[in-house]
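Undergrad: Here's the letter readout for the chains.
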Amino acid sequence: MNFFGSLLNALPGAVAQGMLWGVMAVGVFLTFRILDVADLTVDGSLACGGAVCVMMIRSGADPWLALACAAGAGMLAGLCTGLLHTRCGIPAILAGILTQLALYSVNLRILDGKANQPLSVDKYPLLVSQRYVRELSAHNPILPAVAILALLVGGLYWYFGTERGCAVRAVGANAGMARAQGIDTRRATVTGLMLSNGLVAGAGALLAQYQGAADVNMGRGAIVIGLAAVIIGEVLFSRVFRNFALKMASVVIGAILYYIVLQIVLQMGLNTNDLKLLTAAVVAVFLSVPVWKDRLLQNKPGGGKRHA
Amino acid sequence: MLELREISKTFHPGTVNARRALDRLSLTLADGDFVTVIGGNGAGKSTLLNAVAGTFPIDGGQILLGGQDVTRLPEHRRAAFLGRVFQDPMMGTAPTMQIDENLALAARRGQRRGLKWGVTRVERERYRVLLAELGLGLEARMRAKTGLLSGGQRQALTLLMATLRQPKLLLLDEHTAALDPKTAEKVLEITRELVEKHRLTTLMITHNMKDAIACGNRLVMMDGGRIVLDLSGEEKRRLTVSDLLERFSAAGGKEVGDKLLLS
Ligand SMILES: Nc1ncnc2c1ncn2[C@@H]1O[C@H](COP(=O)(O)OP(=O)(O)OP(=O)(O)O)[C@@H](O)[C@H]1O
Ligand SMILES: [Mg+2]
Numbered sequence: 347m348n349f350f351g352s353l354l355n356a357l358p359g360a361v362a363q364g365m366l367w368g369v370m371a372v373g374v375f376l377t378f379r380i381l382d383v384a385d386l387t388v389d390g391s392l393a394c395g396g397a398v399c400v401m402m403i404r405s406g407a408d409p410w411l412a413l414a415c416a417a418g419a420g421m422l423a424g425l426c427t428g429l430l431h432t433r434c435g436i437p438a439i440l441a442g443i444l445t446q447l448a449l450y451s452v453n454l455r456i457l458d459g460k461a462n463q464p465l466s467v468d469k470y471p472l473l474v475s476q477r478y479v480r481e482l483s484a485h486n487p488i489l490p491a492v493a494i495l496a497l498l499v500g501g502l503y504w505y506f507g508t509e510r511g512c513a514v515r516a517v518g519a520n521a522g523m524a525r526a527q528g529i530d531t532r533r534a535t536v537t538g539l540m541l542s543n544g545l546v547a548g549a550g551a552l553l554a555q556y557q558g559a560a561d562v563n564m565g566r567g568a569i570v571i572g573l574a575a576v577i578i579g580e581v582l583f584s585r586v587f588r589n590f591a592l593k594m595a596s597v598v599i600g601a602i603l604y605y606i607v608l609q610i611v612l613q614m615g616l617n618t619n620d621l622k623l624l625t626a627a628v629v630a631v632f633l634s635v636p637v638w639k640d641r642l643l644q645n646k647p648g649g650g651k652r653h654a
Numbered sequence: 108m109l110e111l112r113e114i115s116k117t118f119h120p121g122t123v124n125a126r127r128a129l130d131r132l133s134l135t136l137a138d139g140d141f142v143t144v145i146g147g148n149g150a151g152k153s154t155l156l157n158a159v160a161g162t163f164p165i166d167g168g169q170i171l172l173g174g175q176d177v178t179r180l181p182e183h184r185r186a187a188f189l190g191r192v193f194q195d196p197m198m199g200t201a202p203t204m205q206i207d208e209n210l211a212l213a214a215r216r217g218q219r220r221g222l223k224w225g226v227t228r229v230e231r232e233r234y235r236v237l238l239a240e241l242g243l244g245l246e247a248r249m250r251a252k253t254g255l256l257s258g259g260q261r262q263a264l265t266l267l268m269a270t271l272r273q274p275k276l277l278l279l280d281e282h283t284a285a286l287d288p289k290t291a292e293k294v295l296e297i298t299r300e301l302v303e304k305h306r307l308t309t310l311m312i313t314h315n316m317k318d319a320i321a322c323g324n325r326l327v328m329m330d331g332g333r334i335v336l337d338l339s340g341e342e343k344r345r346l347t348v349s350d351l352l353e354r355f356s357a358a359g360g361k362e363v364g365d366k367l368l369l370s
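For the record, the sequence lines run as chains A and B.
Everything in the first sequence is counted per the numbering used here, starting at 347 for the first residue and increasing by one.
Everything in the second sequence is counted per the numbering used here, starting at 108 for the first residue and increasing by one.
No wet-lab data here; the hints were simulated from the structure.
A couple of the hints might just be wrong.
What the hints assert, rightly or not - Taking beta-carbon pairs under 7 angstroms as the criterion, some of the chain A residues facing chain B (in silico):
1) MET401
2) TYR470
3) HIS485
4) LEU489
5) ARG510
6) ALA526
7) GLN527
8) GLY615
C-beta: ideal position from N, C-alpha, C; glycine also.
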């Protein structure tokens, strides 16, 4: 009984956190599933968004403006990775790692040389804050989170239905075909990376407000959490949700479920230090499931071709 | 329409793997020419088409399309003038996108892509009519992902996409080679219809000598990155397969004829 009682108590927090990470996961979905590149910039751009947002609010800026600027900073990070990849011919993964590493120094500069900068909800009118997550009031962070997510999914659904958005999708689906249809694949890739990192940095800005601090390490392993959300969403909903907006929604739900499951295993006594190991293992298993399924089906006698 | 002036291409130059795939090749296509290209494996046929399409920069020479020098134009800019169908049916379409979305992408080849809808209702109606003309029943499956189509259906769709906006030149690289004979026949028939309907200037590579003879008004044979035989008009019309083999041997030496027979 105690277990369920405290779980219920922790549930709103898990949902709110899952929703904010859901913003980030949609960004990862864009690169991983639509552009078909694994972009490791996100670990850096998440912290960058948090840093920019916190420092701006602390110097008196409006939280919405700070959020927009954080997203802008993330887009610059995406631009950087995109140019390294498309103009300098560096493989996408390495280009992302380079930007991410560089961002660590940049983020420390933004944070005024400190690894952590607090942001008190008492002093500033924050958009979302952990403090009110169990309150039934207009301050509850779940409300703005829902609004932001709805806007985001709607906006992206519209964008990827436009001529330009279709071109970006085509590049991820078949780059050779896209070029043959006159699409500048390099530009589309850069656009996609900018969009994705803008979302991720925006998520960082929201998370920093939610936790009441920006930390230079807040993005560590973010890509894996984003992937976990994408994969959980796909495993559960890929058969029912075919519409593009619903696919993005399933990624958000994946992120929320991830945090709820996390809460459960933590309450069952898992050591917090082992969390990343668990997350990595879960992602590795789910990413390899389709591959193993194919392999097992092929090796069954009579099931598909065999080597001579 | 197309003018190639002494174009050359060597892959991996300066290494032990250096391959001269195009050797100062010149070729001029008049407006409305339908040229079939044959030659043994490694003769440079695909390299020729890819050089025209701009898949890679060439080492020397000039490429003119409709009088315009496109030698330095990147692939996606040149695409405005070209329709392309590849040997691999997977290569011509975006598998995770719908049939109508693929067509809409092709309908905007060479145009500025803005923030208008990617597929409009009006154009969907147009696609329905055009797909029905293919006679494959695709008009009823416009919202299906192209990844679900068979190889033949994909090649037919890719052909339609290639001709949706009138290209200055249609490039076909063994686009029936991966299909079973019956499907290949059907796709070739669609090819003929579309080329005729739009009066397209066409460059078609094939390994099938009967097709090479039956299609088009001109036949070109390649070997070692050069054109070794160029037949057109009455001479091409009277050509038979055995004729052709003989001419090959005369033009490129016995070796060439053997290579062709083998392939
Ligand atoms: N991307 C590449 N890198 C290196 N070498 C290449 C490349 N493409 C073609 N070649 C080489 O260039 C030569 C011509 O190849 P090409 O593909 O044009 O021949 P082809 O006439 O199309 O042959 P096939 O009938 O087998 O398709 C071959 O020796 C080939 O090995
Ligand atoms: Mg070839």
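Undergrad: Next, verify each hint and record whether it holds.
TA: How the hints compare with the structure:
1. Because the beta carbon of A:MET401 sits about 33 angstroms from the nearest beta carbon in chain B, more than 7 angstroms, this interface hint is broken.
2. A hinted interface residue such as A:TYR470 counts as satisfied when its beta carbon comes closer than 7 angstroms to some beta carbon of chain B; here the least separation is about 35 angstroms, so the hint is violated.
3. At a threshold of 7 angstroms, the smallest CB-CB gap from A:HIS485 to chain B is about 36 angstroms, leaving the interface hint violated.
4. Violation of the interface hint for A:LEU489 is found here, the shortest Cβ-Cβ separation to chain B being roughly 30 angstroms, above the 7 angstroms cut-off.
5. Checking A:ARG510 against chain B by beta carbon gives a least distance of about 5 angstroms; that is within 7 angstroms, so the hint holds.
6. Hint status for A:ALA526 relative to chain B: holds, with the closest Cβ pair at about 5 angstroms, below 7 angstroms.
7. With 7 angstroms as the threshold, the beta carbon of A:GLN527 comes within range of chain B, its nearest partner Cβ sitting at about 5 angstroms, so the hint holds.
8. With a cut of 7 angstroms, the hint placing A:GLY615 at the interface with chain B is violated, because the nearest CB-to-CB distance is about 42 angstroms.
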